[in-house]
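Participant: Reconstruct the complex from the two isolated chains, following the hints.
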Amino acid sequence: MSANLSATFYLISGILFILALRGLSSPETSRQGNYFGIAGMAIAIIVTFLSVGNFGSGFIYVLIFLAIGGSIGAFIAFKIPMTAMPELVAGFHSLVGLAAVFVAISAFLNPEAFNLGSIGNIKLASLIEMSLGAAIGAITFSGSIIAFLKLRGIMSGAPITFKGQHFINLFIGLTIIFLIYYLCRTQSSNIFWTIVAISFLVGVLLIIPIGGADMPVVISMLNSYSGWAAAGIGFTLENTALIITGALVGSSGAILSYIMCKGMNRSFFNVILGGWGATDQASSAQSKEQKPTKSGNADDAAFLMKNASSVIIVPGYGMAVAQAQHALREMVDALKKNGVKVSYAIHPVAGRMPGHMNVLLAEANVPYDEVFELEEINNDFANCDVAYVIGANDVTNPVAKSDPQSPIYGMPVLDVEKSKSVLFVKRSLSPGYAGIDNDLFYRDNTLMLFADAKKMTEEIVKNL
Amino acid sequence: MEIDPFIFRFSIFILSIFVGYYVVWSVTPSLHTPLMSVTNAISSVIIVGAIIAALASNSDKIFDNSSIFGFLAIILAAVNIFGGFLVTQRMLQMYKKKKNK
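Chain order of the listed sequences is A and B. Each residue of the first sequence is one higher than the last, beginning at 50 in the working numbering. Each residue of the second sequence is one higher than the last, beginning at -10 in the working numbering.
Looking at chain B on its own, in the form it has when it is part of the complex (with noise of 0.2 angstroms):
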């Protein structure tokens, strides 16, 4: 008998929140801040789903009412994309160590 690829897709899916939980559990409290806007960033890799939305329509209209859905998840993903990165690393620029003199 053949495997749901479901159940492939869940098996990582479940793994996934271990490695999560074994990998977030290891971050410092003092970098909480930018784990969080980090995890943002990330998750707006539905961007991936945005794009496949918006190139999918097959009629000579690039806006119609499918795909139109997808270029607003582009945008919207785009802004957290850029600006989760780009705030992250303004945070972490911002932790320095003692200078030892």
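If we strip away everything but chain A, and leave its shape as in the complex, we get (with noise of 0.2 angstroms):
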């Protein structure tokens, strides 16, 4: 196959990928777009085949990897749990990486086979590409593998700050840009291989600081990095396909972690620069005294809300851990059957990933009409008659928008306070993520639901 007819199916794969991303646009389109996604995918690597044109028992093998590989995916894709997908995610942001740093390495080692010169004498422009995409690639790789871990649960959520942390990161980040101009210089192998290891080094520390509750908007900013390494391996390969792509996705990931730092009212190098919480705990929670609070039992609130008219649920992060969606979804059938108007409300930056709510609630079977977003219902808390929080905390805190000592003070949050009655179902008054105490416990029309969500969602049922 001629180099300008592979080029331009790659254009035609690029433009597949568009449109696998604009079918995102409402649910109706999405299905359709993900078959332009495969689709792409597909012309993409056939095209590729066709051009190397070496169909020997190099391609046989290749077949076989491919299967491994796709049976590994599609297994997985299968069996996970939806509650997991932010772990899952963060797991395949790191196989992208370690892909980038492989194709950075086999294309250092081969260059003939890619057209970039030969060993020792590669083009100056090829090799700052790859190695800019092996350095991205490392530090997705390693960077993401830190994410999987604190949000599985392996390694503690909190944030890792030691001093000098900043320091030492910026000097690293120096450090790499220095190798890649004496890489230029004398292309050398050690230094290749150096670059590779520190950059594998930099996304550990980069991500260790970084705190649970913030994970949103590390996931995001994984997101775009692996796109980003996809770009430069596509410089380097000189194929349309991938840069597109590479810069579709960085810009994706990029805007979704600009929407969960403003869900969070936190500049972006705030949020990076992590260690969010451990510093405030001490002088916000400590402080305060014994208030007095209103606990009720799964009798009360179903009472309560028996004789609502309208409900909004505001699901949370513990809403996930508890896997109380469907517990959840058949509690607001009842009392749907009770002519009860329920609704939804879901905070930008609820649970660990940008939509994870919106997943798990569609997991349960909730239409998607009647799941809202945080400014369409918003207004709606003044004129609804109970507000059930469940496995949500901050974003409900009403001193984000009283209190400016509060370190979440500005951070939009969801006026659950306006509505008549609060339910809040936690297992304790412990503060949440952030370290913060909600004051919303201590208000008079809330009545703590202390439970398990799951449990006490399901008693609630059984008092229906």
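Derived by calculation from the structure, the hints in this document are not laboratory data. It should be emphasised that the depicted structure is a prediction, and the values quoted were computed from it without experimental measurement. Heads up, some of the hints might be wrong.
[Unchecked claim] As a list, the in silico DSS-like pairs of lysine-lysine whose alpha-carbon atoms are at most 25 angstroms apart:
#	chain 1	residue 1	chain 2	residue 2
1	A	K340	A	K450
2	A	K511	A	K355
3	A	K385	B	K50
4	A	K450	A	K343
5	A	K385	A	K511
6	B	K86	A	K386
7	B	K87	A	K390
8	B	K87	A	K386
9	B	K86	A	K390
10	A	K469	A	K511
11	B	K85	A	K128
12	A	K385	B	K85
13	A	K355	B	K50
14	A	K390	B	K85
15	A	K386	B	K85
[Stated by the list, open to error] With the Cβ distance kept under 7 angstroms, some of the chain A side facing chain B (calculated, not the full set):
#	residue
16	V101
17	P208
18	V408
Don't be surprised by glycine CBs; every beta carbon is placed ideally from N, CA and C.
Facilitator: Below, the structure is given as structure tokens:
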């Protein structure tokens, strides 16, 4: 296949990828969009086979390796519970990163195959592109592994900080740039390996200071990095499909990070530099003396909701942990039978990744037109009888609106306290991830339901 | 004077960033998780490079020190392609509208 023809096909597959993302503008078109994506991928792979034109025994091995990877991927895709989506996505990011590193290494070891010159005499531009691709890929890999371990709970979600951390990161970052410059001058393979090794280290150092609650930003950011790594490799291979895709994924991840940061009213750098909550906890949480709360049981909650005319459900990460989404749907069904109007309110940073709550509710067969975003529903709390907060905490804290001293001041929150009564399902009075006491607990119209989210919801269903 | 082909590729890159910017802003927030899994799947188009690397070996040996990295990258990317698209499909199947009685 001629180079021009294959370049045209790569362009087509790039356009199909754009259409795949475009499809996600609404759930109706999204499935079709996914097929566009699959088609784009199939075209890219087939065109590559044809343009390499090597159908010897190596080709058989390629197919075998494809099948091995494909079956592992398919197995994971069917087995993974929806609550584990954040870990899965982090894990997948790490694979893209590592694949980028491997392709870069391969190109460095055998530049002739990619028309990049010969060993020891690789084109300058290609050398810069492949080392950048390898470095970003390595950072994506090790960063995603740390994110995976934190999300999976294998590693503590608490931020790990030490003195001079940012200085060290900056120093290592500059070292990488210096080494790339040096690599261009000497073409030394030792320097190339050093760049890769140091970049793995950077990925680890970059993610360990970031706490569990900031994971939505981290995942989006790593999503973006995996795109930039792909684009870097795309430049090396002079491949349009990779360049287009890398740019799409890179900007997509960047936008998601921006949306997540805005959802917490924090700057990107503030999140990246990490350690939120570790310092604030002492001042705000411990100074509070014991204040009275009202607590109730499932019977009270059922009674309140049955007699309400409208109920808004506010789900959070706790719902995911307790796997309470199905019980919640049953509760809502029972309420609807009683003629209660029910809707769901989702905060942008609820859960551990963008859109996490929406997927869980969809899994429990909640129709997506009953689920609303913060801006769409926030005014409705004033006219609602009961707000049922399940597993959410900081995103409902009225302190964000009233107390300029609070670390979450200015963060957009759901106006839960405006509803006539608030049912707050929580295991204890402990503060949320941000380490901030929630003012909502002590309000007159709040009834605390101290229990596991799933158990409590199931009990309410029995009482309805 | 001829324009360096790099500039063409760079133009595509920059324009794609803009396309990505506008397309992604139009994605509904409730589909942000599928957006991440599908971007994950499509960024595995890096498999193109992996295939070239794996088949590049000019000696009789199928696995030499450069192509072995290509083969490893094929496995990684394939996990992602199949896993990414299928899990996205699985999620999107779940998004249903309210049934009109």
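Participant: For the pair we were handed, K386 (chain A) and K85 (chain B), check the Cα-Cα distance against 25 angstroms.
Facilitator: Status holds; Cα separation ~20 angstroms.
Participant: Is K340 (chain A) within 25 angstroms of K450 (chain A), Cα to Cα?
Facilitator: Between K340 (chain A) and K450 (chain A) the Cα gap is close to 20 angstroms, so the pair holds against 25 angstroms.
Participant: Does K390 (chain A) lie within 25 angstroms of K87 (chain B) when you go C-alpha to C-alpha?
Facilitator: holds (14 angstroms)
Participant: Does the alpha-carbon distance linking K390 (chain A) and K85 (chain B) stay inside the 25 angstroms limit?
Facilitator: Within the cut-off at roughly 19 angstroms; holds.
Participant: Does K386 (chain A) sit within 25 angstroms of K86 (chain B), going by the straight-line distance between their CA atoms?
Facilitator: holds (19 angstroms)
Participant: Do the alpha carbons of K355 (chain A) and K50 (chain B) lie within 25 angstroms of each other, as the hint requires?
Facilitator: Distance ~73 angstroms between K355 (chain A) and K50 (chain B) Cα, so the pair is violated.
Participant: Starting from K511 (chain A), check that the Cα of K355 (chain A) is at most 25 angstroms away, please.
Facilitator: Distance of about 12 angstroms is within 25 angstroms: holds.
Participant: Would the pair K385 (chain A) and K50 (chain B) pass a check requiring their Cα atoms to be no farther apart than 25 angstroms?
Facilitator: violated (68 angstroms)
Participant: Does the alpha-carbon distance linking K87 (chain B) and K386 (chain A) stay inside the 25 angstroms limit?
Facilitator: holds (15 angstroms)
Participant: Given V408 (chain A) as an interface hint, is the shortest Cβ-Cβ distance to chain B below 7 angstroms?
Facilitator: holds (5 angstroms)
Participant: Holds or violated: K469 (chain A) and K511 (chain A), Cα atoms, limit 25 angstroms.
Facilitator: holds (24 angstroms)
Participant: Has the given pair, K450 (chain A) with K343 (chain A), been kept, meaning a C-alpha gap of at most 25 angstroms?
Facilitator: Answer holds: K450 (chain A) to K343 (chain A) is near 23 angstroms, not above 25 angstroms.
The structure shown violates the earlier hints numbered 3, 13 and 17.
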